[in-house]
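Participant: Listed below are the residues making up each chain.
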Amino acid sequence: MPDVKFTVDGKQLTAPAGTLLLEACKTAGIEIPAFCYYPGLSLQAACRMCVVRIEKMPKLQTACTTPVAEGMVVTSESPEIAQARKATLQLLLGNHPLDCPVCDAGGECELQDMTFKYGAADSFYAEPKNHREEQKWSPVVYFDRPRCILCYRCVRMCGEGMDVFALGIQNRGSSSVIAPNVPAQMSPDDLAHVDCEQCGMCIDACPVGALTSGTYRYKTRPWEMNHVSTICTHCGDGCKTTLGVRSTSDGSEIVRGDNRDKSGINNDFLCNKGRYAFDFANNEDRITQPLVRQPSGEMKPVSWEVAFDHVGKKFRELRDTRGGKSIGVIGSNRTTNEEAYLLQKFARTVLGTNNIDHHRTADYATFAHSLAGMTDRAASLKDTLTAPAIMILGGDPTIQAPATAWNIRTNVRNNRARLYIANASEIKLRRQAKAFAHIAPFSYGALASFIAGDDSAVDSLTHPGADAASFHNFRNAVRAEEQLLVLIGSDIRGGDLKRLLAFGTTMPNRKFALLSDYVNSRGAADMGLLPDLLPGHTTLAGNTTFAEYNAPSEPGLDMLEIFEAAGRGDLSALYVVGSNPVSRYGVDPSSLKNTFLVVQDMFLTETAALADVILPAANLYEKSGSVTNSYGDLQLVSKAGDRAGVRTDFEMIVRIADKMGANMRELIPFGKGPRGAGTHGDMGQSRGAHSGEADQHAVWLAANNMEPKLSPFDPFAILDEIQRLVPGYNLLRLQLLSGNDQHLQPAVSTANLVQISNRRDLVLPANDTLFTSGTLGRYSTMLSDLQHNESLRPPTGLTQIQTAAD
Amino acid sequence: MPALVSHPDEVKVVSRRFGMGATDIDKYVELDGYKAVQQAIAKGPEWIITEMKASGLRGRGGAGFPTGMKWSFVPKQSEKPKYVLVNGDESEPGTCKDHVLFLHDPHAVIEGTMIAGLAIGSKLGFIYLRGEYRYLLKIVEKAVADAYAKGFLGKNIFGTGVDFDIITQTGAGAYEVGEESALMESLEGKRGVPRIKPPFPAVVGLYGGPTVINNAETIANAPHILLMGGEAYAKLGSERNGGTRLFGISGHVERPGVYELPMGYNLKRAIYEVAGGIKDGKTLKAVVPGGSSCPVMLPEEIDIGLDFDQMGKAGTMLGSGGIVVLDETVSIVEFALRTIAFYQHESCGWCIPCREGTDWIKKTLTRVYNGGGNKKDVANVQYLAENMLGRTFCPLGDAAAMPTIAFVKKFRKEFEDYIEGNKAGTPIITVEQLVGAH
Amino acid sequence: MSTVANTIFSPETAARFDKLVTIYPLKRSALVPMLLYAQDEIGYISDAVVTEIAQRIDLLELDVHNVLSYYSMLRTKPAGKYNVQVCTNISCMLRGGYEILDHCKHKLGIGHKETTKDGVFSLEEVECIGACCWAPAIQINYDFHDDLTPDKVDVLFQMYRDGQGKDVK
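Chains as they are written, first to last, in the numbering used here: chain A, 1 to 806; chain B, 1 to 438; chain C, 1 to 169.
Isolated chain A, as found in the complex:
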């Protein structure tokens, strides 16, 4: 669109033709107030706050609906305009309860701010205000009708943004009200409710305190909290969530999650988990003391020193007597990259074993190897918002990757992106799809082959209701797209994934992403929590990049083999960090009876219950570091909450390594001194003022204008090494530390690229929904409440199709 020139308050401005005056002014730093306007949602012109004077127009005009025009002359503030806004505010306040002192939105309320600005303080009404009782629409959504100013943001957010349509406008005139989709008379408890995805976007959009969250309401005042932006621990999208924290007697408690600064990769969006499911951190069942099993079988609280001594001694003894290969290590999808990297390095260099694995929720090794050496083939989450065409093969982003689904809906709605979906289930996103290929159950392998050009695979896809021609039409339409973003569900893996990508990368302008289940599923794989691959999916054989590890060159035992070995009595020790394999893989508890089991966790999970030592761990909201989402977008994790008695996994690994007598400076590249010097002396927060020869790490740091890290507990010391060694992680430090996301292209050191083949398929999609989140989800009261809430009603609204009017 060509630019047009116009004038606002005497300032000459330009903006692309078609830009709304309100947006054009915002860009130029001129704020025009509005309640009903919300970027990206349909226009309302209902609140009349954005009225401005435009020359040659008889009445004040709404800036939210007026596109800029060449030569337009606008006044955005004047006594006339101020009076119009003030009068509107006076009308709103007339019926407003003015319960600001107790209102959740007090201090963060657009109505308060506007009143402060325009001074609508005088009241001339003698009539009583209309009072209505608050309504609990769901465990997380409450509605206080008297506070509602009827801006309809929530209605549009739910309908247009979420494609849920759980909120409507009912009655008319001064009786108008926002109404949920389960009316009182159709509800078992005779109260109105919302049947929806419980995302809380309506609350986020509400400019006042009419919609409040079940987790936060009446808990605190906004100014009593500190706000920390970090990354949600739940799904693989890795949304930024802002946690409001408040001091308590034993740390600092998270009281709220929201999306207040909207600076994250998720833009406006946050789902119910990012918003509410932080509450596991405050769960009373958290373990806050190290526990060591006594000969009697009883678990006894001990001091940290005793616990670390015990574990370090035992690990060292078992390594030295039965060999590193008798020890297994299981890592986590929810620890930071730094922790994952450190854990595998600890396993390979201190324990001396490649027996390391994690719960794999997607096949990133194949993904990385298939795209290695190519540029612009791996998509960012951001691409889902802008790609002109998107194909989703398998998976259900609406419930598994809600931000992905939000972006796609927004892209379809605002940019008319074309969406193609192939799935065995009629997933909700098909409503936005231009084409939906309904494939037969369990035919994702055939789907990958068919998409990759194997016509014979079509027979496996067909079923009554979908014939071969429909799949050919689908494929033809997709191939005709000049640019395409392909989102691959975790059902496609191994050879199927390889075939699909091998074909896809022969076509120009195709980008790919592989969706997985947890915040750092991708990072766990990238950091080498795998028995056969080093960090950056580097093969063990012929590896030179990690030569300094001196790691065993044969692949170690994978997740299942580790437990098989335990069952045979061949596993002397198992070190489980932030994972619950006993439950996830259905491990027979008795198989671990001859294994020294150390578990780092927050809760007494099925795995922790079998442990010889339990070390109480901090969760992702209680530490710093980085995580990599499904798409390879790297983001900073910042410490928000704190709980007395727990330690980060990073610190615990370091302490155990130290107790084993490991060379700290080889494990953690910190300080300036010569390797191995003064390790114990430097275990605190020393200045690291050692003289002598700079180590390899320090040389590299100096070459990159970076300061050496001062403490072995500083995750950024390991980040330096990740940056130095791990293919694909050549990140921009400033970008990361300023809280911005950056997209990493998968890279494998091609110098020693060895074809990997015949890997066992150990991908086990978690199949979490909006209201589950693996083992962790069980400790979120809010998620449990929401599951219970779901079970109360038959699924109705969500499965119905909304027919668009145009």
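No lab work stands behind these hints, which were simulated from the structure alone. You may find that some hints are simply not true.
Simulated pairs of lysine-lysine, DSS-like, Cα-Cα distance not exceeding 27 Å [as the list claims (entries may be wrong)]:
hint	chain 1	residue 1	chain 2	residue 2
1	B	K138	C	K105
2	B	K409	B	K363
3	A	K56	B	K279
4	B	K409	A	K86
5	B	K197	A	K26
6	B	K279	C	K152
For clarity, every value in this text was computed on a predicted model and none was experimentally measured.
Following the hints, complete the assembly by docking chains B and C onto the known chain A.
Facilitator: For chains B and C alone, kept in the frame of chain A given last:
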């Protein structure tokens, strides 16, 4: 059945078939019916629009927009189908002219719809009647069915190869739906909330297609204009206000009724001669000249021509032609309250100034009416109304604000006296009644 | 044969609805008339009416609620067999509309939006019904009765009680 009235001053154009059995299609044809549309087919859209422009016909719904010009705004080429929409959602208090039109001459509405369709290149028209007019909808439905049976509607009408269809539609009780874009929303099965303009209906209207929407009386004039010629029609009225108009005179007059008078006809004469003067020999107190949204006029202001321009110049409006006459017994405080109560009830609630403004004016006036007023209330009511005026999403806010401002300004002393306990007129609404409906 | 299995409507109404959804460029246009016609038959917009109409037009029930709550003629509670709607807007008010309303209240022994015990009559004060020049006027169901006096109202009530009202639908 509403009684028909007549007066020698009447110039019957759109009402010429009233009382003549023209609901019967044969009778209608006998009385020159469906001639104009056949001429229109033969002579084409440009001729129609030329004649309509020449007629000086202005919208009879109340806004008075020149009809020929409105039709000419519809783009000739359009990807989406074009539509003609007849607004029979007559709901402005004081207005019942379309009621009589549908009752006596439904075919004129149908024929006018067809002519509008031909003018803009539309093949489908809708006639929307307010829900309360069910018995009139029946009459229109029968007329449409008869026209189909005769081959006047449907495929290949009059054997000319032209197609045109008409769908009749009922509302379900909402004044706001009389606003053109709200009517389109209602017709699309939605809440009757107006749309953001621009785009205007002529460009993006019903189902997103270019749409001409006209009041039923406006549309019914089209066949007459084509038959008599635009210029001849124009000459019947006053300057820039062509033709005649159905005026409904109600309230305190001897012979209330719907009369067809030339545009520019004197208001005072309409009340005193045509409608027989003030009922029971009482004295005139005020006139609401064009439906309840028009600012009230004092007796000394009514020696004026009834057309859009003269009424506008006098600070009021010609509106929908519903002249409501108030005699000396009326309490203006009560009348103002009853008026705002209506707008409060009918506000769609979309925008803040109208939703909250009508509500607060009504609440305040209710208190005043019940004897709890104080001196500030008069100023407050005026402040509220003046801050609604021109600030609302659609004209309903203005329709509520304008009469309120006029009542308060022109009868300020009566309001103040009322608050002092010195009540003029004879209030009739009981407190209990006020609590009832409103 | 209705396109909806187990319709709650009479065969005639069901058939009418089957047709109604086909005549418009978009079938949602059938919503407002359908609600009114459904009310004519069932007496009010029951939950079952909402459910079936939503199904017929492929709308969410919430959408149907949103729309039906907007229009003042649509009700979600039963009314009397004959719903007496008294206009008290300005033209009627000037010519005795409130007197008629009071008379109806007294005569029927009910108030605004109430129904007589025998279910025959319900009463409602309504806004302008477009009979200003024949005021005061009322509607009983869809029938207009104008130029009324309390005596004429008595006659009307008796007529309806005797089953002799026009009762246009």
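Participant: Hint by hint, note whether the structure agrees.
Facilitator: Here is how each hint holds up against the structure:
no., hint, in the structure
1, B:K138 to C:K105, "violated (30 Å)"
2, B:K409 to B:K363, "holds (19 Å)"
3, A:K56 to B:K279, "violated (47 Å)"
4, B:K409 to A:K86, "holds (23 Å)"
5, B:K197 to A:K26, "holds (23 Å)"
6, B:K279 to C:K152, "holds (21 Å)"
Violated hints, in rising order: 1, 3; the structure is consistent with all others.
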